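This is what each chain is made of:
There are 6 protein chains.
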Amino acid sequence: MKLKLGIPKGSLQDLTVKLFKKAGFNVNVSARSYFPSVDDAELEAVLFRAQEMSRYVESGIIDCGITGRDWVLENGSRVIKAAELVYAKQSLRPVRWVLAVPESSPVKSAKDLKNKKIATELVSVTKSYLKKKGIKADIEFSWGATEAKTKMGMDAIVEVTETGSSLRANGLRIIDTICESTTQFVVNKKAWRNSWKKKKIEKIVMLLKGAILAEQKVGLKMNVLEKNLDKVIAILPAMKKPTVSSLSEKGWFDIDTIIDEQVVKEIIPRLKKAGAQGIIEYPLNKVIY
Amino acid sequence: MKLKLGIPKGSLQDLTVKLFKKAGFNVNVSARSYFPSVDDAELEAVLFRAQEMSRYVESGIIDCGITGRDWVLENGSRVIKAAELVYAKQSLRPVRWVLAVPESSPVKSAKDLKNKKIATELVSVTKSYLKKKGIKADIEFSWGATEAKTKMGMDAIVEVTETGSSLRANGLRIIDTICESTTQFVVNKKAWRNSWKKKKIEKIVMLLKGAILAEQKVGLKMNVLEKNLDKVIAILPAMKKPTVSSLSEKGWFDIDTIIDEQVVKEIIPRLKKAGAQGIIEYPLNKVIY
Amino acid sequence: MKLKLGIPKGSLQDLTVKLFKKAGFNVNVSARSYFPSVDDAELEAVLFRAQEMSRYVESGIIDCGITGRDWVLENGSRVIKAAELVYAKQSLRPVRWVLAVPESSPVKSAKDLKNKKIATELVSVTKSYLKKKGIKADIEFSWGATEAKTKMGMDAIVEVTETGSSLRANGLRIIDTICESTTQFVVNKKAWRNSWKKKKIEKIVMLLKGAILAEQKVGLKMNVLEKNLDKVIAILPAMKKPTVSSLSEKGWFDIDTIIDEQVVKEIIPRLKKAGAQGIIEYPLNKVIY
Amino acid sequence: MKLKLGIPKGSLQDLTVKLFKKAGFNVNVSARSYFPSVDDAELEAVLFRAQEMSRYVESGIIDCGITGRDWVLENGSRVIKAAELVYAKQSLRPVRWVLAVPESSPVKSAKDLKNKKIATELVSVTKSYLKKKGIKADIEFSWGATEAKTKMGMDAIVEVTETGSSLRANGLRIIDTICESTTQFVVNKKAWRNSWKKKKIEKIVMLLKGAILAEQKVGLKMNVLEKNLDKVIAILPAMKKPTVSSLSEKGWFDIDTIIDEQVVKEIIPRLKKAGAQGIIEYPLNKVIY
Amino acid sequence: MKLKLGIPKGSLQDLTVKLFKKAGFNVNVSARSYFPSVDDAELEAVLFRAQEMSRYVESGIIDCGITGRDWVLENGSRVIKAAELVYAKQSLRPVRWVLAVPESSPVKSAKDLKNKKIATELVSVTKSYLKKKGIKADIEFSWGATEAKTKMGMDAIVEVTETGSSLRANGLRIIDTICESTTQFVVNKKAWRNSWKKKKIEKIVMLLKGAILAEQKVGLKMNVLEKNLDKVIAILPAMKKPTVSSLSEKGWFDIDTIIDEQVVKEIIPRLKKAGAQGIIEYPLNKVIY
Amino acid sequence: MKLKLGIPKGSLQDLTVKLFKKAGFNVNVSARSYFPSVDDAELEAVLFRAQEMSRYVESGIIDCGITGRDWVLENGSRVIKAAELVYAKQSLRPVRWVLAVPESSPVKSAKDLKNKKIATELVSVTKSYLKKKGIKADIEFSWGATEAKTKMGMDAIVEVTETGSSLRANGLRIIDTICESTTQFVVNKKAWRNSWKKKKIEKIVMLLKGAILAEQKVGLKMNVLEKNLDKVIAILPAMKKPTVSSLSEKGWFDIDTIIDEQVVKEIIPRLKKAGAQGIIEYPLNKVIY
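Going line by line, the protein sequences match chains A, B, C, D, E and F.
Its first residue numbered 12, the first sequence is counted upward by one per residue in our numbering.
Its first residue numbered 12, the second sequence is counted upward by one per residue in our numbering.
Its first residue numbered 12, the third sequence is counted upward by one per residue in our numbering.
Its first residue numbered 12, the fourth sequence is counted upward by one per residue in our numbering.
Its first residue numbered 12, the fifth sequence is counted upward by one per residue in our numbering.
Its first residue numbered 12, the sixth sequence is counted upward by one per residue in our numbering.
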């Protein structure tokens with residue numbers, strides 16, 4: 012049996028391939044083929060645009076795939092979310108689809124968009140949003156370059172953004188968030204009921220998460236005298252008990268732990284002050300709790 | 012008054028900018044803006060995807076634009092075709108949208124596609140085509156990578172091709188041509204009735220065509236004795252009368268003409284044999300008959 | 012005898028080498044040497060930064076060189092200006108060194124800069140400017156990144172600009188122009204009195220100018236019936252009499268002329284209307300009146 | 012005393028330099044020199060084509076070098092093989108030199124090649140192969156592009172391949188394997204008898220192998236309760252005893268081991284199921300058993 | 012409160028940003044801004060040329076910055092040296108500013124330069140050097156390409172060099188060293204008296220040094236029988252006591268230590284001979300003693 | 012009937028394709044195929060290394076090909092030389108294969124090489140050279156990097172050079188020239204006797220030569236008063252009679268001629284002095300006398 016897996020073509024592709032590599036799967040994308048090879052005889056990979064991934068998962072053409080929550084919603088696909096995978100390009104925050112108007116527009120909130128023209132790639136989600144608010148507006152599909160559309164006769168746009176800086180650079184003001192989106196590992200309902208496939212998927216997800224976590228964590232090792240042990244351990248984040256082993260040299264202990272890469276710069280000076288010696292930080296490939 | 016002109020963003024963009032440059036218009040596309048600058052105070056340029064260009068021309072957001080005939084048809088836009096501009100990437104032939112199936116498929120012609128699944132970017136045109144043939148099939152919008160879709164549960168695809176080589180490389184067999192498409196200069200109906208705009212458009216089109224023609228033509232100049240004049244002139248294509256001027260040296264004439272670059276290699280040996288001397292070929296920037 | 016010529020290293024280098032190539036001199040800059048080879052046995056080239064070129068010309072270390080008027084002024088070098096060469100990067104206009112302050116600064120004109128801090132690469136020229144205006148201020152040499160200096164404690168800057176866009180992007184407001192600068196061919200005074208060197212320089216300058224002019228001009232050729240001759244010639248710019256030759260075919264004339272590339276797009280439609288036929292535009296390498 | 016070491020120029024060069032770097036030797040190849048510098052005063056490196064490396068090792072011009080077994084055979088060089096180093100480009104399998112004919116050729120096996128024309132870069136090895144089989148054929152040296160030679164009058168070719176895909180793409184069918192080849196560290200016989208050189212070579216080989224092994228291995232660390240210890244250890248590959256240390260927290264043990272990177276994805280889920288906690292995988296630079 | 016930090020623009024920029032990343036600070040330099048973002052709310056970064064960094068630190072425009080000792084001296088800036096950071100491009104040795112003359116020059120030592128012309132970017136330091144030696148010479152500021160200046164009328168130059176190879180390639184002979192320079196973390200005097208700023212700086216320096224040290228060190232782990240323990244430990248550099256922990260398997264110990272990457276290639280063979288087994292080397296991110 | 016044409020793969024390939032393009036043949040080399048397409052139904056192209064081209068021409072596998080005279084000699088191929096085509100990379104001079112020894116070698120001339128070791132790619136030609144001189148030496152085939160071979164135990168090398176600079180940079184001294192080589196269009200003897208093939212080849216050669224010539228020539232046009240006509244014409248090189256046509260404006264003549272690009276810079280100043288006005292230089296695509 013094989014598990015059919017969809018890998019998102021385009022902007023997420025390289026990051027996804029890298030992530031699978033760290034997780035232990037070598038995915039080889041060759042220039043002219045949509046069927047990357049994988050060094051796992053139980054896996055069969057195919058490249059799809061994130062925009063249509065969930066449709067192919069829903070219809071069972073593939074068993075599972077990686078795509079954004081936004082496009083699952085847009086397609087209205089009924090699929091299982093096996094995991095959220097936070098490995099976006101610039102930050103760890105979810106991306107947002109926002110409603111935006113020109114800075115100088117009199118529009119203050121969504122209500123002011125009655126009978127106005129809105130351009131977006133995310134037509135269905137935008138329609139639901141407006142319907143829920145009881146607003147009637149003219150929503151047009153945009154093939155890209157959406158940020159420029161308000162200079163071309165459109166009153167507002169709905170566009171994806173991480174930090175908002177590209178919108179600001181285009182002279183746009185955000186007035187609401189339509190939906191937030193993260194990268195998801197979605198699964199076909201029938202495949203999820205197949206126990207072999209479910210187990211295989213759970214293994215893959217465990218390894219992907221282990222690889223993602225490892226990018227945010229580092230190993231930290233240090234030597235501590237018995238009398239300083241409590242003080243030093245108290246500084247370490249409680250996330251996971253550190254491994255404390257007594258050394259052959261009497262009265263000395265070795266502490267080995269995993270901490271968040273972001274707090275290292277705060278903790279190291281404090282550890283040193285508390286008596287830790289020979290502190291080393293080392294990189295990790297995977298972290299699985 | 013300004014003429015608003017749409018330039019196709021994406022695969023045709025660089026070629027279009029180059030063509031305008033040869034025609035005498037410096038179009039400067041800056042990395043983050045959709046509004047290129049043009050060194051003509053009467054022109055205002057904007058970048059749109061070819062796919063949506065005709066919609067913006069039709070609604071009057073821009074006066075005119077360059078796009079493919081395929082997308083004018085797909086959008087069902089009622090616009091004026093001011094000119095056909097043949098400056099495609101690989102060849103001078105129009106591109107074709109073809110119906111294709113896997114080589115091993117039992118499907119022989121469109122009729123065999125009854126109730127089958129077809130993936131395409133050109134949904135409307137495909138629907139009209141099948142309707143006209145009286146065939147009912149399930150047509151799905153494809154976000155790209157359409158060539159691979161028959162390996163993913165689709166029975167057929169409708170895809171654009173110039174030489175068919177990419178389709179063959181994907182193991183596909185062409186069974187019919189849905190539509191042919193060339194690059195067109197399309198104009199909004201109201202703008203076309205405005206005499207200033209119409210004249211401005213006609214000037215631009217004349218210069219664009221002059222630049223395109225110049226890429227296919229070269230200048231040819233040679234010296235000929237009076238007695239050989241008829242023989243030599245007979246060899247030159249009849250496209251346009253060559254400029255024959257008598258030289259100060261008695262009995263000698265200078266012939267200066269424009270011929271198709273493609274026939275030069277056939278003609279030069281014959282000209283030489285017919286008595287032409289000092290033949291030179293020189294490049295052209297524009298050719299306007 | 013050899014003429015020692017300085018070629019500006021850095022931003023103008025590639026353009027200068029290209030210009031010399033068009034003028035008929037192959038200048039070969041090899042990666043690790045400051046002494047490019049030239050295919051003219053009477054020439055010896057050396058690379059200097061534009062900033063110090065005029066000092067080396069003045070002291071006679073080289074006979075002549077290409078640099079900006081700004082740096083001739085800054086160095087206070089007494090050299091002969093043999094020619095102005097307009098081949099700047101973005102436009103044909105001279106660059107300007109401007110006095111600029113933050114948009115929000117209360118400073119309105121140079122006078123308001125009394126006792127303020129000004130950063131610039133062009134220290135001497137800035138000092139003369141302020142002295143002439145009777146303003147005392149604190150001028151500091153800036154090693155670059157001058158645009159950012161007002162955010163770092165400086166009250167104003169003097170910086171070079173072509174269009175002002177980079178200054179605007181850095182939130183700066185121009186309050187005055189300190190000096191304008193074009194690219195110049197400057198010559199050592201003693202070398203200029205040497206008749207062999209002077210003649211050699213004049214030849215080089217003639218060819219450089221011919222190459223520059225050719226980039227702004229194109230050749231235009233067309234056939235005209237005798238009755239339309241005056242009408243057509245009247246349209247052509249008066250810059251230089253067109254070459255009109257009678258063709259062997261009776262009543263027809265060939266007009267061959269050189270016109271400014273910028274006006275071609277205006278003139279061609281008018282020529283055609285006036286009866287010109289078979290209009291062709293061809294490129295030029297050199298134009299020497 | 013110095014050890015003279017040959018590094019293969021060309022396709023293996025970058026990989027070899029990288030491998031030496033991981034092994035602890037910084038080899039600096041400068042663009043124009045064939046003598047890279049090495050940060051080991053006892054080493055002197057030189058670049059040779061893999062094709063002629065063994066000839067220079069045999070004649071004693073260098074003491075040792077890295078090359079393919081194929082070219083050692085082709086040159087018939089009598090040298091010592093100190094080690095096999097598996098660090099090939101695409102895979103870990105040895106490359107093969109194969110005898111291939113066009114797909115449509117009637118040739119089924121080597122025997123059918125009697126009096127036929129064969130093109131190859133590996134002339135001697137091919138001759139030996141045919142001689143052993145008692146087949147007489149006409150073998151011609153090919154300067155490259157060997158895959159295309161059967162379309163040019165040759166009946167068969169002998170060419171190197173890793174996966175056979177390039178041969179298939181050229182319409183060729185493999186009918187036999189002439190020889191297999193791996194990368195080898197070969198040594199001059201006299202140098203091998205010199206004890207200082209031999210020891211030096213053995214050290215280098217140990218470090219190179221340690222670096223190669225580290226690319227295929229990862230470190231794995233986890234915490235386990237005493238009662239789960241046997242279960243967890245049983246899952247770990249028997250390659251090397253894991254380091255088990257008791258933690259200060261009673262009843263807990265830390266397991267630290269090295270495993271094959273390829274099996275990690277299978278083992279981690281099983282370890283977790285068996286009670287391992289806080290599993291981390293970390294990268295290695297060298298592994299020396 | 013914020014600490015204002017200057018990051019050197021230009022040749023050191025990428026290395027510095029990488030170093031901060033390893034130290035735990037993500038510095039994001041965007042193409043058009045001189046104000047990189049940092050993911051530490053207490054830090055504010057700005058890009059300055061190394062040449063003027065110390066002037067801005069001295070005047071308090073920034074609190075601290077990274078620059079070369081040479082430019083601190085040249086500017087005569089009174090600043091605090093918080094740390095030396097050895098992360099130069101090619102080697103770990105300090106760079107040198109040397110006095111150099113053409114190979115064929117009669118000048119043997121600085122004394123022979125009386126009344127001669129010297130070109131340099133480091134005018135003040137060169138002047139002090141000559142003054143101390145009681146030599147009067149004519150020192151000119153050079154805008155770059157200093158190595159070529161002796162071919163242009165200069166008698167000597169003072170130029171920076173790491174290995175001297177570029178000077179030799181330009182036919183120059185070094186006759187003295189004017190000053191040595193390393194990269195320094197310099198601090199404004201007032202900022203250093205502010206205890207919050209001082210502590211912040213000390214933390215940053217600790218992390219930067221930890222990151223630099225980690226590039227020169229690696230972790231080394233091995234298993235040893237009790238009887239070999241002393242022999243093995245004796246081989247390890249005395250820099251820091253290794254962590255020795257007894258394993259659950261009786262009589263075996265695990266040694267874990269940090270050693271200089273440069274000595275690994277010498278030590279591993281000796282460790283193995285002394286009875287160490289399963290030696291692995293692993294990479295480090297930070298090392299803080 | 013088709014003419015089979017060999018195009019040299021490798022260093023000459025791009026230049027050759029460009030030359031054919033200028034001559035009027037579009038040769039399309041695709042990345043993975045050795046059979047470029049040509050837009051001439053009578054031509055069939057194939058890529059071969061220059062080293063083996065003449066062997067394939069001689070045996071009739073192809074009708075004709077482009078290669079160096081050196082490799083025709085080395086292979087001892089009996090082929091027809093249809094033309095010499097001077098379009099080498101750096102200069103227009105033929106390349107030379109030279110005998111070279113280290114600068115410090117006692118070897119003064121070929122005679123001193125008795126019993127010495129010589130490395131070369133051109134084994135046969137070198138053998139003939141030495142035989143003719145009655146010198147016995149040991150000649151070894153070199154797979155490249157020949158310039159470094161004298162540092163590796165070889166006493167001399169035979170290597171190709173254009174300017175000798177690479178040899179000098181490797182510390183080598185030229186002691187003799189073994190053979191000179193130009194690029195040649197060689198033809199199979201039998202193909203040359205086939206009149207259709209011969210005519211086709213002659214046409215191709217005429218166009219290739221026309222394209223090569225055009226790179227060395229430019230068009231020059233100017234207006235001259237009748238009284239200055241003789242003076243001006245006397246300055247123009249006698250290579251070909253200039254086209255002199257009388258203008259409609261009385262007393263004025265237009266001179267149009269083709270001259271060597273290299274002499275333009277000398278001639279233009281003299282023409283101007285002699286009364287020529289409105290001198291323009293224009294580029295050429297082909298020149299066929």
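These aren't lab readings, by the way, just hints derived from the structure by calculation.
For clarity, every value in this text was computed on a predicted model and none was experimentally measured.
It is possible that part of the hints are untrue.
Which copy is meant is left open, because identical chains are indistinguishable; a pair holds if it fits in one copy or across any two.
As the list claims (entries may be wrong) - 25 Å max Cα-Cα, derived DSS-like pairs, lysine-lysine:
no. : residue 1 : residue 2
1   : K252      : K284
2   : K238      : K252
3   : K242      : K214
4   : K15       : K122
5   : K13       : K209
6   : K33       : K283
7   : K210      : K276
8   : K13       : K32
I'd like to know which numbered hints this structure contradicts. Please list them from smallest to largest.
4
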